[in-house]
Every structure is written in structure tokens, then in C-alpha cells.
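Chains as they are written, first to last, in my numbering: chain A, 347 to 686; chain B, 8 to 300; chain C, 103 to 375.
Just so you know, these hints were derived from the structure itself, not from any lab. All of these numbers come straight from a predicted model, not from anything done at the bench. Backbone N, C-alpha and C define an ideal beta-carbon position, used for all residues, glycine too. Any given hint could turn out to be false.
Claimed, not checked - Here are the in silico distance ranges between beta carbons for each label pair:
1. Q178(B) x L166(C): 49 to 57 Å
2. S482(A) x D181(B): 13 to 21 Å
3. E336(C) x I273(B): 45 to 53 Å
4. D181(B) x G563(A): 47 to 55 Å
5. A162(C) x S482(A): 55 to 63 Å
What the hints assert, rightly or not - To give an idea of the chain B side of the interface with chain C (calculated C-beta under 10 Å), a few residues:
6. F24
7. I31
8. E50
9. F52
10. W56
11. V60
12. L63
13. A66
14. D67
15. I81
16. L85
17. W95
18. T112
19. P120
As the list claims (entries may be wrong) - Dumping the calculated EDC-like pairs for lysine to aspartate or glutamate here, alpha-carbon to alpha-carbon at most 20 Å:
20. K348(A) x E359(A)
21. K206(B) x E439(A)
22. K579(A) x D640(A)
23. K105(B) x E590(A)
24. K573(A) x E542(A)
25. K555(A) x E506(A)
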Amino acid sequence: MKIRLDSVIKTFETFRAVHGVSLEIESGELVALLGPSGSGKTTILRMVAGLEYADEGHIYFGDQDATDIPVRERGVGFVFQHYALFPHMTVAENIGFGMKVSKVKRDKAEIAARVADLLRLVRLEGLGDRFPGQISGGQRQRVALARALAVDPKVLLLDEPFGALDANVRHDLRRWLREIHQELGITTIFVTHDQEEALDLADRVVILKEGKIVQQGTPQEVCRDPKDAFVMKFLGDANRLTGEVRAGIAHVGGAQVAAAGVPDGPVDIFARPRDLDWSTHGPGVAATVERVLDRPGERRVIATVSTGETLEFDVEPEQAVEKGEAGFVTLRRAKVFSLG
Amino acid sequence: MSTARRKPPRVGDNPLFRRLLIGIVLLLGALLILAPLIVIGVEAFRQGWKVYVATLANADTQHAIMLTVITALIAVPLNTIFGVAAAWAMTKFDFRGKRLLLIVTEIPFSVSPIVAGVAYLFVYGLQGIFGPMLDAYDVKILFALPGIVLASMFVTAPFVARELIPLMQAQGRDLEEAATSLGASGWRTFFSVTLPNVKWAMLYGVVLCNARVMGEFGAVSIVSGNIRGQTNTLPLHIELLYHDYQAAGAFASASILAVIAVFTIIAKVALEGRGAGRRVKPATILVTPETRP
Amino acid sequence: MRRNVLPGLNLSLGITLFYVGLIVVLPLAALIFKASSLGFAEYWTIVSSPRSVASYRVTALAALAATIFNLFFGLALAWVLTRYRFPGRRIIDAMVDLPFALPTAVAGISLTALFSANGWFGSVLSDIGIKVAYTPLGIMIAMCFTSLPFIVRTVQPVLEDLDPALEEAAQSLGGSDWTIFRTVILPLLAPALLAGTSLSFARSLGEFGAIIFIAGNQPMSTEITALLIFIRLEEYDYQAAAAIASVLLLTAFAMLAVTNWLQARALRYTVKG
Numbered sequence: 347m348k349i350r351l352d353s354v355i356k357t358f359e360t361f362r363a364v365h366g367v368s369l370e371i372e373s374g375e376l377v378a379l380l381g382p383s384g385s386g387k388t389t390i391l392r393m394v395a396g397l398e399y400a401d402e403g404h405i406y407f408g409d410q411d412a413t414d415i416p417v418r419e420r421g422v423g424f425v426f427q428h429y430a431l432f433p434h435m436t437v438a439e440n441i442g443f444g445m446k447v448s449k450v451k452r453d454k455a456e457i458a459a460r461v462a463d464l465l466r467l468v469r470l471e472g473l474g475d476r477f478p479g480q481i482s483g484g485q486r487q488r489v490a491l492a493r494a495l496a497v498d499p500k501v502l503l504l505d506e507p508f509g510a511l512d513a514n515v516r517h518d519l520r521r522w523l524r525e526i527h528q529e530l531g532i533t534t535i536f537v538t539h540d541q542e543e544a545l546d547l548a549d550r551v552v553i554l555k556e557g558k559i560v561q562q563g564t565p566q567e568v569c570r571d572p573k574d575a576f577v578m579k580f581l582g583d584a585n586r587l588t589g590e591v592r593a594g595i596a597h598v599g600g601a602q603v604a605a606a607g608v609p610d611g612p613v614d615i616f617a618r619p620r621d622l623d624w625s626t627h628g629p630g631v632a633a634t635v636e637r638v639l640d641r642p643g644e645r646r647v648i649a650t651v652s653t654g655e656t657l658e659f660d661v662e663p664e665q666a667v668e669k670g671e672a673g674f675v676t677l678r679r680a681k682v683f684s685l686g
Numbered sequence: 008m009s010t011a012r013r014k015p016p017r018v019g020d021n022p023l024f025r026r027l028l029i030g031i032v033l034l035l036g037a038l039l040i041l042a043p044l045i046v047i048g049v050e051a052f053r054q055g056w057k058v059y060v061a062t063l064a065n066a067d068t069q070h071a072i073m074l075t076v077i078t079a080l081i082a083v084p085l086n087t088i089f090g091v092a093a094a095w096a097m098t099k100f101d102f103r104g105k106r107l108l109l110i111v112t113e114i115p116f117s118v119s120p121i122v123a124g125v126a127y128l129f130v131y132g133l134q135g136i137f138g139p140m141l142d143a144y145d146v147k148i149l150f151a152l153p154g155i156v157l158a159s160m161f162v163t164a165p166f167v168a169r170e171l172i173p174l175m176q177a178q179g180r181d182l183e184e185a186a187t188s189l190g191a192s193g194w195r196t197f198f199s200v201t202l203p204n205v206k207w208a209m210l211y212g213v214v215l216c217n218a219r220v221m222g223e224f225g226a227v228s229i230v231s232g233n234i235r236g237q238t239n240t241l242p243l244h245i246e247l248l249y250h251d252y253q254a255a256g257a258f259a260s261a262s263i264l265a266v267i268a269v270f271t272i273i274a275k276v277a278l279e280g281r282g283a284g285r286r287v288k289p290a291t292i293l294v295t296p297e298t299r300p
Numbered sequence: 103m104r105r106n107v108l109p110g111l112n113l114s115l116g117i118t119l120f121y122v123g124l125i126v127v128l129p130l131a132a133l134i135f136k137a138s139s140l141g142f143a144e145y146w147t148i149v150s151s152p153r154s155v156a157s158y159r160v161t162a163l164a165a166l167a168a169t170i171f172n173l174f175f176g177l178a179l180a181w182v183l184t185r186y187r188f189p190g191r192r193i194i195d196a197m198v199d200l201p202f203a204l205p206t207a208v209a210g211i212s213l214t215a216l217f218s219a220n221g222w223f224g225s226v227l228s229d230i231g232i233k234v235a236y237t238p239l240g241i242m243i244a245m246c247f248t249s250l251p252f253i254v255r256t257v258q259p260v261l262e263d264l265d266p267a268l269e270e271a272a273q274s275l276g277g278s279d280w281t282i283f284r285t286v287i288l289p290l291l292a293p294a295l296l297a298g299t300s301l302s303f304a305r306s307l308g309e310f311g312a313i314i315f316i317a318g319n320q321p322m323s324t325e326i327t328a329l330l331i332f333i334r335l336e337e338y339d340y341q342a343a344a345a346i347a348s349v350l351l352l353t354a355f356a357m358l359a360v361t362n363w364l365q366a367r368a369l370r371y372t373v374k375g
């Protein structure tokens, strides 16, 4: 099912959560809504579900205007952040609930068979008789997913699906969700504030800030070509330097970096830690090493530039760098954003 | 001794202080709480079994018991419906004036039952707003069952609501939203998702409400008119017998209510064992506006 | 108009408003209307008559004494029930609710039986020259009984949830038991104590059933305000009943307002931001 949002606006009391968001999601796509807290991502998800109503704008499911269809009839599967499993029902009863209350009458055996299928799909065979309080967080998450899938939803919506889980469980579940999506091919939208999760899992990432879409695209597009400083910083560690562009080249200290298409004038230059190089001789940006952090696969250097900015960059583990050492930083690759 | 685990003393664990405090509390508790209960039994049987049974078999006593039971059978269910509706409205939705509504709901707790009785007089009595009109159509509310029921509903109005509201507030709206997103209707959501998670708290409220309805004295004594054998509930009947110098009869009737009180407490403890009656801290109630990031 | 996702607002709010309107607001409004239909001078004459003032006096003083007694006894009870383990603790814990469960009229006659001159306690007390039944002391005892659970039940949960680390921190800083109780535990209990105290006081001011049997009901000395209202009604003096009842009602509202304000103040450290 193709989903389309057209200039959707939502305001709570006095706080405007979503400012005119338009978005298209293709049938079968797996899309991440990524943003910091307060960016409106959960509100958008809840509006697609029908758990909030848009103040203005429209939401289409295929060609149908779904803006005013109540959640009960919208046919979405929603996985709540804290799962919202019914504590007084067993795992199997939770999964079967949607079929039991459906207008389409199914007999008990049919429901039981489908529940068994779903338990197998989410790899929880044998746990059908447990209560939600008796299983682990990761298992609860999978029950919540099975419950949402049981009603054959047109679209699957997940609110911070891995937010409440330990890091290692989260990693496994992420891969597993990807597999399920591939197997079922159902249009899926999930909300996250974790850029790694979004980039790992989604076909397309929609980055939000203060209720507006800042950028959307495949993980490759948003990573390689961040549209502004916010996206650049939000997607990962980034060093910021101020410099100046002259004729398509950005100059900062003694270093230079290509800035094709950027008009002449003062600029912000952003570079990832692994795109900086360190050498004891110029040219480059003069800096002094403050600290060296050793990690299993890399060696990170924290250095201060004469203008007071702090840079972080990675060097080869073998490279000898010491605290207090003076040297020069050059930029292998960087993003240049005009300040004008 | 080897298995005894020693713990560092907490504040107030000084053995002398501890024993003294327990001693004082037990003594005062026995004098102030237990003795009144025991004396009812003693006084009820002072003149022997026969008088006891005779009092309870008396037609007026029987009628008072019946009236009390009927009042409870009407007032308690109505109050429960109100409590559930109020809790649903106030915890599943946001609307202007919610806090005010909550405060108004709790007013009967702080109002004297006598004031409540007088207030009803000025609504349905001959000197009240609707009294003359009701009289013209020969509708009897005061000095009859409807008045007794209404007054009982006033004094117990917050009982069920105040058990449900903090609990349902703490549980949030996720479960209901989940059920609705799976296609469940409103009633279905309420009966198969909301109610199973609040049933013990609701029952707790019902038990306390029932005890209060059956025992209400002040408000009912004003609106009932105290007509022997007609509008006397059991507590009023006790007063009547007592002032008639039939102490044994009064205590015999009181013993029925005392037994109900003891059963109420047993039910209360049993329900608390199932998690009902736990107070959520007042600061967390109804002060969280539902704004989502 | 914001639409709601969950169903049933109209029905549930409709029932709520109807019930609250019919059962709570209408009668109280009628009472206030009736009282305010008296002229001010007439109203003032009734509510400030010597007999009325004497009734306020005895009611308020007895309620105050009962509340102070319960403040200490209730706190001690809550403390003993949560901090110590001893045989019979659970039974005592359950019995604390007896004053709520036992009808006030039943409590009234049984307290009278205990404290009258030939009762179990009354006979002992009269030997040492203390008369309880038919004196203000009797009123106080009845109030103590009916309002005891308020303080115990508001303090108990807070005491149970008190983080032991707070006490341990204070102990590690070298505080004596009494100092820790005074400076750490008591301030944390204060909001609950305050809430319990005001509930207890409000209940005592309005109590009727438990008191009238033991009080003696002599005008100017042992006649409580609630009873005076009742007597005015029996004399068919509805105006006076309305006026005096309105005094009790306004007192209850004032208590409610003060309680809310005190609680908000006492809990201000829990407010975020």
C-alpha cells in the first residue's frame, strides 16, 4: 500500500508538533522517520495510524483519503514503544485479539492456526501460554509485532521499536525485522532517534527537525550528501571549522578542500573524524594534541586548533602521536556550507 | 543463631524504643478500636440469645434490614456506573475543566452528611426548589425510598471514581489505543482490555461504597423522616431503639452492621492482596498533559 | 474542535456531568441559594447567635483536640505498622479501617456504652474523677475514633515507599536517630501528614452519627453544629438550618482550598522544571 502525506499540520495546545509535512512512501518500502526528540516523528507516525488526527492536510492510503478514517477501520498494524501488550492475556491471546474482535468472523481453530503461524514467524513457538510479564523485553517486542501483523495490516508502523532494549538484543532484532520485512513485503514505517538504526534498517530515511522534513533519501544519499549542518551533525560525529571559499576552493588555515558550487564568502566546513589526516609538517591547520584515546580498532586524537576549536580525528593504530605534540591537520573530504 | 542475619539498625530500631512504641500503639489500638467492636457483641447478648433473636425477628427490624439492602442495591450500582464513566472520561481524554470536575466529584468527602441532608431538603422538600411541583404531581422523593437513595449517592459519590482514576491515569492510554488499532470497538476495548486491569480496584471501591451506604446515618436521618416501619434504615432503627431504652435491641441490630463491617474489612484486605487500593502519589494525578514529542 | 481517537467521551462525560450535577451540585446550590435568600442582617443574627457560636466552639475545639491526638497516634501507628514486625501486625493493620467500615451510629452507641459511668472504661475513669460521656471529652473521643484512619492511611504508603538510601545517607553523615527523623523523614512525610490531618479535621467538623449518642447534646456546652442544624429542622426553622448548614459548607470549602494549597506547597519539590 502506498502512503502519501500532503501538507500535514498538527498542533498540541500551543506547541506545533508538525509543520506541513508532505511525504510519499512507496508500496513495500521500509522507511525510517529519524529525528531528535521534539522533531514530530512520533506524531507523524501516530497520524498515519489514526491515533492522532491531523489539524490540516491529508493522508492517503493508495488512492483513498484516509485522513478521517478512525484507527479502528484504518487497517494499520501499530507496534507501541512500550509494546502495550495486554497484561492479563497470554501471548497467544494477545496475538489473537485483533482476529477475535474483527468484523470478519473466524472460528477458534482458524484463529489458533494463525496464531501458531505468527508465533513461528516471530520465533516464539512454545511461549503462547505465557503472560507478557513472564517473558523478556526482546520477546515482548516480537509479540507486539506478531499482534500487529495478525490483522493483515496494509501498513506496519513501529514507534521506537528497539528503544527499550539492550544494545545486543537490539542488534539481533534489527536484522530479524529486516528479514521479516523482506519476507512479507509490507509497507513499513518506523520511528527512531538512533541514526545507526535508521541507516542499518531502512530503504529510505526521512530526517526531521522541529516538525519539518529536512532531508530524505536512501542511506547512501543522506550520508554522502547531507543537505545542511544539522543533518551532517545528526548522522554522526563531525568536526566543524570556519573558513572561506574562493573560486570553488574552501580555505581553512593552511588547508584546502574542494567546494564546488559554493559561492565565495565565509563558510562552515564539516568533516568526519576519519576524513582528517595528521602530520607533523605543513601545510594544514596548525593544531596541538590534547588527548589520545586508544580503542580496539582505531586511535582517536583530540586536538585544539589555534582559533580554539576542538577537532577529533582517527589515525592508524601504529602511528605515534603524543599529548602536547604540535602538527597539522589536512582535510581529505569535507562538506562546505555557506554562511551567507 | 548461626542462620540469623544481622542487619545494621535503621532509624527507630533501638529495642527499647521499639518495644515501647509497639506497646503504646497496641494498647491504644485495643482501647479505641477493638473495644468498641467487642462491646457491641457483649451488649447484644446481654439478655441472652432469645432476646437477640426476637429483636432481629421483629417486623420493624426486618423492614429496616430490607430497606437498607434495597437502598444499597440501587445506590451502589448507580454509583459504580458513575465512577467508571467519570474515570473513563477523565483519564482517556483531555478537556477543559477536568481538574475542576475532579474537585467537585470529591466534594462529598469534605461535606458533613447533615449538610447533605439539609441540602436535599431544599431541592425536593416542600420548602425546596422542586418540592411544591413534586407535591402537586404527588411524587414522593423525600421521606421515601428515592430520597434515601439520593442522599446515599451523595455521600458515596467519589468512592468508585477515586479508586479508578489514579489507577487508570497511571496505566495511560496505550492499551486502549492498541486494542482500537487492532479493530476493537469501544465497548469491546472497555470490557476486554480496560476492565480486566482495573476490576479489583473497582470492586474495592464498590465494597467501601456499599459499607458506607448501608451505614449512612446523618444524611439519611434528615431525608427519610424516620418513619418507623416505613423509612427507617438499619442505622436509623438502631437510634430509635436506643432512645426507646431498648439497648439490647439496638445493639442486636448494631451487631448486624458490625458483622458487615468486619466482612468489609476482610474483603478489603483480600482485594489489597490483589493490588487494589494502592494510592498513587497525589502529585502524579491529572497533572500530566498528554503532549507527545 | 479536537477529535478523539478513543471512543466514548460524550457518553462517559455525559453520565459524569449528569450525576455530579444532579447528586452533588444541585443540592449544594439549592442550600446556598436558600441561605443567601435570607437578608444579610437576618443571616448574621442566626449564625452569630450565642447558641450557634457555642456550637462552633465546641465542635472546632473537640475536632482540633481529636486531630492533634490522631496526628501523634496515627503517625505512631503508621510507623509501627510499616517499620516493625510483630505478631498480630496484619490484624492491627486491617483493624485500622474499622472506623471507616463501622457505621457511625453503631460506633456512637458502642462508644457510649464503653464510656458511660457504668461502662468498662467509664467506671474506671469516673473513679479518678474523669467524666467522658455527655461531656466535650466524649465528643472528642468519638471524633478520634471516626477520623483515625485518615492519617494512618495517608502516611503509611509514603512511609513504605521511603527510599532507605536517604536514611542510610543521613546515618553515614553521622546523624542521630532523632535528628534523622526530624530533618529527613518528617519533611518527606509532611505532605501526607498534612493531607491526613486536614481530612481528619474536616471529617471531625462534620461528624454527626458517632457524636450525638455520647455528647449529651446540652445547648451551649455539648451541642455540636451538625446537631444544631438537625434541631432547627425539627423545629421547622428551615431558614436557621440553611444558614447554619451554609456555615459548615463554607468551612468545608475553605478546608478543601487550604488543603489543596498546602499540598501543592509541600509537594513543590516534586514539580519538574
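Hint check results:
Against the hinted window of 49 to 57 Å, the Cβ-Cβ separation of Q178(B) and L166(C) comes to about 40 Å, which falls outside the hint. Taking 13 to 21 Å as the suggested C-beta distance range, the pair S482(A) and D181(B) conforms, at roughly 19 Å. The supplied range of 45 to 53 Å is broken by E336(C) and I273(B), whose beta-carbon atoms lie about 39 Å from each other. The supplied range of 47 to 55 Å is broken by D181(B) and G563(A), whose beta-carbon atoms lie about 32 Å from each other.
In this structure, A162(C) and S482(A) meet the distance hint of 55 to 63 Å, their C-beta atoms being roughly 59 Å apart. The interface hint given for F24(B) is met, as the beta carbon of that residue sits about 8 Å from the closest beta carbon of chain C, less than 10 Å. A cut of 10 Å between beta carbons decides the hint on I31(B): the least distance to chain C is about 7 Å, and the hint holds. The closest approach between the C-beta of E50(B) and any C-beta of chain C is roughly 6 Å, which is under the 10 Å cut-off, so the hint is satisfied.
Interface restraint check: F52(B) against chain C, minimum CB-CB distance 13 Å, threshold 10 Å, status violated. Here the hint on W56(B) is broken, as its CB sits about 19 Å from the closest CB of chain C, past 10 Å. Proximity of V60(B) to chain C is violated relative to the hint, the smallest CB-CB distance being about 19 Å (cut-off 10 Å). The closest approach between the C-beta of L63(B) and any C-beta of chain C is roughly 15 Å, which is over the 10 Å cut-off, so the hint fails.
The closest approach between the C-beta of A66(B) and any C-beta of chain C is roughly 20 Å, which is over the 10 Å cut-off, so the hint fails. A cut of 10 Å between beta carbons decides the hint on D67(B): the least distance to chain C is about 16 Å, and the hint is violated. For the restraint placing I81(B) at the interface with chain C, the shortest Cβ-Cβ distance is roughly 13 Å, beyond the 10 Å limit, so the hint is violated. Satisfaction of the interface hint for L85(B) is found here, the shortest Cβ-Cβ separation to chain C being roughly 8 Å, below the 10 Å cut-off.
With a least beta-carbon distance of about 4 Å to chain C, the hint placing W95(B) at the interface is held under the 10 Å criterion. Here the hint on T112(B) is kept, as its CB sits about 6 Å from the closest CB of chain C, short of 10 Å. With its C-beta approaching chain C no nearer than about 6 Å, P120(B) sits inside the 10 Å limit, and its interface hint holds. Restraint check for K348(A) and E359(A): the C-alpha separation of about 31 Å exceeds 20 Å, so the hint is violated.
Simply put, K206(B) and E439(A) have alpha-carbon atoms about 19 Å apart, close enough for the 20 Å limit, and the pair holds. Only pairs whose Cα atoms come within 20 Å are accepted, and K579(A) paired with D640(A) is rejected, the gap being roughly 23 Å. Only pairs whose Cα atoms come within 20 Å are accepted, and K105(B) paired with E590(A) is rejected, the gap being roughly 58 Å. Taking the CA atoms of K573(A) and E542(A), the gap is near 18 Å; set against the 20 Å cutoff, the hint holds.
Proximity of K555(A) to E506(A) is assessed by CA-CA distance (about 17 Å); at most 20 Å being required, the pair is judged to hold.
In summary, the structure is inconsistent with hints 1, 3, 4, 9, 10, 11, 12, 13, 14, 15, 20, 22, 23 from the numbered list given earlier, while agreeing with the others.
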